[in-house]
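Each chain, written out:
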Amino acid sequence: MLRRFIAAVAIALAPAALLAADRIELPAGPNRDLVYAKCRTCHDLQYVKESAGITADNWQALVEDMGQYGLRIPDAERDKIVKYLVTYLGPNPPAPAPAGSPSPAIDGAAMYARQCSACHQAHGGGIANTFPPLAGNTDLYRDRMFPVYVVLNGLTGAITVKGAQYNGTMPPFDHLSDAEIAAVIGYVRAAWENAELRPAGFVDVDESAVKKARAKPMNNTEVHAYRAAH
Amino acid sequence: MEKKSGFSQLSRRQFGKLAGAAAAGTILPGYALRALAAQTADQIIPGKSAQMLIHNAKLGVMETPLTLLRQYAHTPKEILFCRFHYPHEGNAAWYASLNAPQRDDWTLEIDGLVARPRTVKLADIAKMDQVKRVSVIQCAGNGRSFYAAKQKVGGGQWKNGGMGNVEWEGVPLRHFLAEMKVLPAASVKWLTAEGWDQPATPEGSDFSKSYHIDDGALDNAILALKMNGEPIPAAHGGPLRLIIPGYYGNMNVKLLSKLMLMDQQSPSVFQSMGYRFPNRPVEPGQFKANDYTLENSRPTYAHQIKSVIFSPLPEDKPGSGAVEITGVAFNDGTAPITSVQVSADGGQSWQAATLKAAESPWAWYHWSAKASLRPGQNTLMSLATDALGRSQPLDGLTRWNPRGYEWNGADRVVITV
Chain A
1 MLRRFIAAVA IALAPAALLA ADRIELPAGP NRDLVYAKCR TCHDLQYVKE SAGITADNWQ
61 ALVEDMGQYG LRIPDAERDK IVKYLVTYLG PNPPAPAPAG SPSPAIDGAA MYARQCSACH
121 QAHGGGIANT FPPLAGNTDL YRDRMFPVYV VLNGLTGAIT VKGAQYNGTM PPFDHLSDAE
181 IAAVIGYVRA AWENAELRPA GFVDVDESAV KKARAKPMNN TEVHAYRAAH
Chain B
1 MEKKSGFSQL SRRQFGKLAG AAAAGTILPG YALRALAAQT ADQIIPGKSA QMLIHNAKLG
61 VMETPLTLLR QYAHTPKEIL FCRFHYPHEG NAAWYASLNA PQRDDWTLEI DGLVARPRTV
121 KLADIAKMDQ VKRVSVIQCA GNGRSFYAAK QKVGGGQWKN GGMGNVEWEG VPLRHFLAEM
181 KVLPAASVKW LTAEGWDQPA TPEGSDFSKS YHIDDGALDN AILALKMNGE PIPAAHGGPL
241 RLIIPGYYGN MNVKLLSKLM LMDQQSPSVF QSMGYRFPNR PVEPGQFKAN DYTLENSRPT
301 YAHQIKSVIF SPLPEDKPGS GAVEITGVAF NDGTAPITSV QVSADGGQSW QAATLKAAES
361 PWAWYHWSAK ASLRPGQNTL MSLATDALGR SQPLDGLTRW NPRGYEWNGA DRVVITV
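From first to last, the protein sequence lines are chains A and B.
Residues in the first sequence are numbered consecutively from 1, following the working numbering.
Residues in the second sequence are numbered consecutively from 1, following the working numbering.
These are calculated hints, taken from the structure and not from any lab test.
Every residue, glycine too, gets a C-beta built ideally from N, C-alpha and C.
Do not rely on the hints blindly, as some may be mistaken.
Estimated spans, in silico, between C-beta atoms of each pair [said to hold, decoys possible]:
#, chain 1, residue 1, chain 2, residue 2, range
1, B, N91, A, G67, 23 to 31 Å
2, A, A200, B, D105, 44 to 52 Å
3, A, K216, B, L397, 16 to 24 Å
4, B, K127, A, A56, 25 to 33 Å
5, A, G67, B, P281, 24 to 32 Å
6, A, A56, B, R298, 44 to 52 Å
7, A, L197, B, N91, 25 to 33 Å
8, B, L397, A, R144, 52 to 60 Å
9, B, E315, A, G53, 21 to 29 Å
10, A, E64, B, D124, 42 to 50 Å
11, B, L394, A, A110, 54 to 62 Å
Go ahead and model the full structure; you've got the sequences and the hints to work with.
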């Protein structure tokens with residue numbers, strides 16, 4: 001008993017307590033990324049996974065219901081989310097599709113609207129006390145790689161952005177491809193007058209830089225410490 | 001089999017030593033943790049047993065394995081189920097804790113249709129006379145997963161572990177309201193309780209619950225400050241929680257910050273749509289998850305009569321021959337449990353279990369019955385009845401509802417010998 005308790009304490013105090021729940025994977029399919037991007041604002045994906053197998057009517061009702069708990073998305077996006085859930089987490093899901101279909105050209109602005117705006121808001125303003133702004137956020141140019149590490153690994157813990165305190169949890173967005181991450185970071189670094197923060201001679205990240213970062217995963221503490229050190 | 005303490009046998013000092021040793025000696029590399037299959041409860045709320053079953057890490061939602069639950073007369077905080085509605089992050093991170101909340105600044109506001117609104121300090125509530133209430137606290141969604149045998153419903157797939165038997169202590173609600181002399185208007189019909197927690201986004205509905213002011217259950221309600229003899233841990237609603245013995249968990253508002261006396265019930269979605277039960281039996285497809293109205297449904301107030309088998313469980317791997325079947329039973333506390341019928345052959349034959357007196361009208365009763373297991377599959381069942389003649393449905397699916405609340409079908413455990 002005592003030994004088990006020590007083990008429990010050790011895990012609780014380990015600085016690298018990774019939020020494994022944020023790594024819950026859903027079946028691959030069109031618009032899965034929207035589920036990842038929108039639903040994790042309020043809860044992790046275990047509810048979605050545990051609900052797998054409910055009928056189309058039920059998924060429709062459930063996603064509609066989420067509006068009352070704070071989900072704000074355009075109808076077209078909501079329909080896409082429902083379609084994904086009904087298809088891949090309904091009573092008769094299809095067999096997993098083979099990987100390797102060609103990816104269309106990536107639009108950083110569209111990627112931002114789809115993946116980031118649920119929390120950071122359409123114009124990068126964030127939500128006071130809850131989600132830090134990206135507009136005018138000097139973290140974007142803390143160093144070349146920092147935003148890549150945040151998008152790939154998430155960020156948890158107390159930070160100060162534009163003089164305001166935040167202490168939340170951003171889940172990892174490693175479901176995005178290397179090229180998508182490079183595109184969305186490129187977009188945010190230029191949008192909403194963020195280009196004015198850009199240091200002279202700054203080099204944008206490309207797909208290969210993201211690929212290298214992905215090969216070396218970081219835990220919460222490491223990302224937070226990296227931020228403090230740069 | 002029962003222990004009063006257990007986890008709490010470890011003194012604070014011992015815990016401190018362990019924690020220090022652990023911090024000094026155990027820096028696990030990132031990849032080691034990455035390999036963990038899933039996050040355990042102690043990583044979500046420090047101090048929770050790592051054996052808890054997680055339903056949602058971000059919201060701290062977890063249930064108790066019955067193998068743990070059955071070991072204690074009063075369910076300790078380390079294993080009591082937990083259910084929050086909003087992420088415990090940012091300025092809400094403080095309530096992901098089993099420690100006594102350091103919230104001396106806490107106040108309870110009493111407002112609404114009253115001539116004299118009040119704001120009362122926690123310290124002043126603590127000075128008033130306190131009473132104890134041992135009561136089962138149970139998530140309204142407890143047992144939701146069993147409805148899947150008819151048609152699966154969305155949400156956390158709770159088994160039987162979303163419940164506990166807990167000793168609460170606090171100030172009687174009616175006495176408190178009378179003492180405050182807020183002078184309510186004659187038109188006041190509803191009491192609404194609101195918690196401190198806030199939705200993840202500003203557009204979300206806040207959590208609040210309303211009760212009819214004449215509801216008899218409020219006669220036993222307390223403004224609770226203690227749980228199992230200690231200040232209520234924040235994860236379980238401390239420093240102040242409304243406890244209405246015999247009512248489902250959601251009705252026992254955590255982090256209590258406000259009481260409103262109004263002529264209407266709260267428009268919160270948690271009162272008007274969530275946590276409701278249809279007034280008439282419904283079938284899948286015919287009544288959908290968003291079809292609830294104030295007219296066709298009621299809030300999940302009082303516990304439906306229920307029994308749960310604690311042993312043997314499949315994990316116990318019992319052999320064939322004599323076995324003692326044990327478990328608990330409870331209801332809303334308005335009438336005593338009078339019998340628990342037990343079957344060891346899937347309901348073909350039944351016998352009356354021996355009932356042990358409960359600690360209070362709202363606490364759970366322990367029961368036991370002797371039976372015999374045969375090689376092969378044995379379906380154990382239990383079914384409770386109370387003095388008002390209310391009993392569990394033999395087939396819980398007759399109470400199927402699209403949000404999956406109030407499961408109370410005769411319990412079934414299949415043991416393969």
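Now for the hints, and whether the structure bears them out:
1. For the hinted restraint 23 to 31 Å between N91(B) and G67(A), the CB-CB distance of approximately 24 Å keeps it satisfied.
2. For A200(A) and D105(B), the Cβ-Cβ distance of about 49 Å falls inside the hinted range of 44 to 52 Å, so the restraint holds.
3. K216(A) and L397(B) have their C-beta atoms about 51 Å apart, which leaves the hinted 16 to 24 Å range violated.
4. The given range of 25 to 33 Å is broken by K127(B) and A56(A), whose C-beta atoms sit roughly 56 Å from each other.
5. Checking the proposed 24 to 32 Å range against G67(A) and P281(B) shows it holds: the Cβ atoms sit about 28 Å from each other.
6. Between A56(A) and R298(B) the CB atoms are about 28 Å apart, so this pair departs from the stated range of 44 to 52 Å.
7. For the pair L197(A) and N91(B), the beta carbons lie near 27 Å from each other, so the given range of 25 to 33 Å is met.
8. The hint said 52 to 60 Å for the Cβ distance between L397(B) and R144(A), and at roughly 59 Å that hint holds.
9. At roughly 25 Å, the beta carbons of E315(B) and G53(A) sit within the given window of 21 to 29 Å.
10. Range check, E64(A) to D124(B): about 44 Å between beta-carbon atoms, so the 42 to 50 Å window is met.
11. A beta carbon spacing of about 55 Å between L394(B) and A110(A) agrees with the range 54 to 62 Å that was offered as a hint.
The structure does not agree with the numbered hints 3, 4 and 6 stated previously, though it agrees with the rest.
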